[in-house]
Amino acid sequence: MSSREKILSTLRAAPRPFADMALAPESYLPMVPLEDLSPSTLVERFVVEAEKLAAVVHQTASPSAAIETILEILDGDQSIISWDAETISLPNVMDTLAAAGVRIAEADDPSVRVGLSGATAALAATGSLVLASDTGQYRNASLLPPVHIAIVTTSQIMPDFESWIAEQRANQLERFRRSSNIVLISGPSKTADIAMELILGMHGPGELHVVLVEDNDFDFRIAMSSE
Amino acid sequence: MQVQSNNFIRASEIAVNNSEQRNAVVTGTGTAYQKRLAAMFATSKEHGEAMRQQAAAAKRRALNKLPDLPDLLEQAEAKMQENGIQVLWAIDNAEANQHVLDIAQEHNVQSVVKSKSMVTEEIGLNHVMEKHGIEVVETDLGEYILQLNDEPPSHIVTPVIHKSKNSIRTIFTDKIEMPHTDDAKEMAQYARGKLREAFLAADMGISGGNFIIAETGTVCLVTNEGNARMVTSLPRVHVAVVGIEKLVETVEDYATLTQVLPRSATGQTLTVYTHMVNGPRRAHENDGPDHVYVILVDNGRSRIYGTDYAESLACIRCGACLNACPVYQSTGGHAYGWVYPGPIGAVVTPLLVGPENAKPLPHASSLCGTCKQVCPVDIDIPRMLLDLRSDLVDQGKSEAQWTIGIKAWAWANRSPNRFALSGKMAALGSRLIPTKNLPGPLSGWTKHRDFPEFAPKPFRELWKERKRSGN
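Residue numbers (my numbering), protein chains in the order written: chain A, 10 to 236; chain B, 683 to 1153.
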């Protein structure tokens, strides 16, 4: 008998524990109950929560202001690790960066200081980013360099992880399973292993910049696809 | 890892006198305890308690309800295979380690990076790999410090909680030639540089798994440093070693548990990185490992499943019970003599390694009940500690002084006359003999505290007198 069969048959032969357990609830209580789900409140909450986690949130009023912010963070750096242009919800970002002399490095180049990514979604209740792996969305951009810039549009902000999960359930978890790797990022990398002292940037980026682009009135992604 | 749990009493005596360690553990656990309180009850006491019950139900359903644990294991296996993950089963340590070795050999692996995993400590994986000439580097900062110093972790979440900054500095200067510094940030940066080299050179990454979602075949991890993201992304092979009790049924159950876990462990709303691994790099993706393996480890868990201790399989390893335990705070984790310390360790160690190899552990508790109160999945640890004590007596495996004491107590209480007599004798006896330095088996008590004098008159006498006087 294989170990697989031995384990399964031992379990099947045993009396079931917790015989009085109820079935799964129809609806789950969220970890962070939010009362006001209006877009402007969600944006506010996201900014507050992300900043609590030591992320730096740059609220920008226009795409050109967003690109200006990215160039300021780059502070003269001539190369970045980046997601492909078409996966980032900010029109012309790559062209503008290229015009400013910034080139895209290999995704595993250890000398690069800044990584640039978009996001799949953002979560107001916890100030988190959701990054689900996909074509042109390199994991390394948010992992290897000491600085990570994530471009997020305000319409991408959802209430919480539970609502993101509900969205996955709504399409039978197909989108969820298509990504080999999904990560929620809540603030910069950190450790407290040395005598409980908080240290940022242990392995992942120690600086996390969220460049938040206002698009609740104007969907840049539609504008991009019609270009 | 070798089991030294029967040495608990001697080891804890040494530990409580190590003031540097004790200060570090008291500070570390105290901070975590306070942060947990704030995080779990951030909304309200009632909401925190409701979340706790929701989490507790999610874990128990995974063990019992249809689909029950064996069904869920089969479902998870099928879904993981659909995702391109190769699933292996291991009935014990030896088989689990052999699987990892076989995978390493098949892919011609020379060097391995690991993220923190208690189950790989349990099976003693690192030593086996090293014996076969494969270099293994622990990449969680705490685990790396311990690996350099050849020490086991002393806490399941914060493995190096027992060390002061000075001790860590000494390890770094002695073992990896760190230039002298008093700055924790500089120490971490130095380690970061060393570990980055290891990440970029590694052929294989090994992780544990905090949860496996059965309906999607997803291995879920939580980390703050980012090392587990690297371990699961950079090397061409990723192996996740996961206990069979880590299954949850649905993504909704997972959403509850992965948020309750960090709140209970460190008081964070979420860990910095909460990740879900659905398999190797997909054809349409640009990066990620080419091969992902999951090793489902039994190692005694299926034996616990049908017993009164099944509740222990619901544990999500948050460490809240360690942080809240007055015994753990005094002794630290090493005294427990195996991988899992603290209240939950005192339960699972005897269950996994055999009660005769961990006789003192069920007694390493004052039964104050705080461990149950702080448990995010409401595990009744005190109840199981009592049952384990009673099992030891039933099986005649208890320590001699416990057995003699309990037998004497049972004899004295078998008749009302003997009970009355024993009260009088105790009152008299405690006045005749010294309260310090009792002889023989009683010396264990008076070594650290005075033996209290019994009341001069037992309650029974007082009651009789009261009734006689008509009050």
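Keep in mind the hints are simulated off the structure, nothing from the lab. A few of these clues could be false.
What the hints assert, rightly or not - Short derived list, chain A residues pointing at chain B, Cβ under 8 Å: (1) Lys-15; (2) Pro-119; (3) Phe-170; (4) Gln-181; (5) Phe-185; (6) Ile-191; (7) Gly-196.
Unchecked claim - Heads up, simulated DSSO-like pairs for lysine-lysine below, C-alpha to C-alpha not over 27 Å straight-line: (8) A:Lys-61 x B:Lys-1106; (9) B:Lys-747 x B:Lys-813; (10) B:Lys-717 x B:Lys-727; (11) B:Lys-1079 x B:Lys-1106; (12) A:Lys-61 x B:Lys-813; (13) A:Lys-61 x B:Lys-867; (14) A:Lys-15 x B:Lys-727; (15) B:Lys-857 x B:Lys-717; (16) B:Lys-857 x B:Lys-876; (17) B:Lys-1139 x B:Lys-1089; (18) B:Lys-1089 x B:Lys-1079; (19) B:Lys-1149 x B:Lys-1089.
Keep in mind the model is a prediction, meaning the values are calculated, not measured. Ideal Cβ placement from N, Cα and C applies to all residues, glycine included.
Right, here's what the structure says about each hint:
With 8 Å as the threshold, the beta carbon of Lys-15 (chain A) comes within range of chain B, its nearest partner Cβ sitting at about 6 Å, so the hint holds. Interface restraint check for Pro-119 (chain A): the shortest CB-CB distance to chain B comes to about 7 Å, inside 8 Å, so the restraint holds. Hint status for Phe-170 (chain A): holds, given a least beta-carbon distance of 5 Å to chain B, under 8 Å. This hint is violated: Gln-181 (chain A) has a C-beta 10 Å from the nearest C-beta of chain B, more than the 8 Å allowed.
Interface hint status for Phe-185 (chain A): upheld, as the beta-carbon distance to the closest one in chain B is roughly 6 Å, under 8 Å. Interface restraint check for Ile-191 (chain A): the shortest CB-CB distance to chain B comes to about 4 Å, inside 8 Å, so the restraint holds. Taken as an interface hint, Gly-196 (chain A) checks out: its beta carbon lies about 5 Å from the nearest beta carbon of chain B, inside 8 Å. Only pairs whose Cα atoms come within 27 Å are accepted, and Lys-61 (chain A) paired with Lys-1106 (chain B) is rejected, the gap being roughly 64 Å.
A hinted pair counts as satisfied when its Cα atoms are at most 27 Å apart, and Lys-747 (chain B) with Lys-813 (chain B) does not qualify at roughly 43 Å. At roughly 14 Å between alpha-carbon atoms, Lys-717 (chain B) and Lys-727 (chain B) fall within 27 Å of each other, so this suggested pair holds. Of the supplied pair hints, the one linking Lys-1079 (chain B) and Lys-1106 (chain B) is violated, its CA atoms being roughly 32 Å apart against a limit of 27 Å. Distance check on the hinted pair: Lys-61 (chain A) and Lys-813 (chain B) sit about 46 Å apart at the alpha-carbon level, beyond 27 Å; violated.
At roughly 20 Å between alpha-carbon atoms, Lys-61 (chain A) and Lys-867 (chain B) fall within 27 Å of each other, so this suggested pair holds. Under the criterion of a C-alpha separation no larger than 27 Å, the hint pairing Lys-15 (chain A) with Lys-727 (chain B) is inconsistent with the structure, at around 44 Å. As the CA atoms of Lys-857 (chain B) and Lys-717 (chain B) are separated by approximately 34 Å, the hinted pair breaks the 27 Å bound. Using a Cα cut-off of 27 Å, the hinted pair Lys-857 (chain B) and Lys-876 (chain B) holds, with the two alpha carbons roughly 12 Å apart.
A hinted pair counts as satisfied when its Cα atoms are at most 27 Å apart, and Lys-1139 (chain B) with Lys-1089 (chain B) qualifies at roughly 24 Å. A threshold of 27 Å between alpha carbons decides the hint, and for Lys-1089 (chain B) with Lys-1079 (chain B) the separation of about 14 Å falls inside it, so the pair holds. Taking the CA atoms of Lys-1149 (chain B) and Lys-1089 (chain B), the gap is near 33 Å; set against the 27 Å cutoff, the hint is violated.
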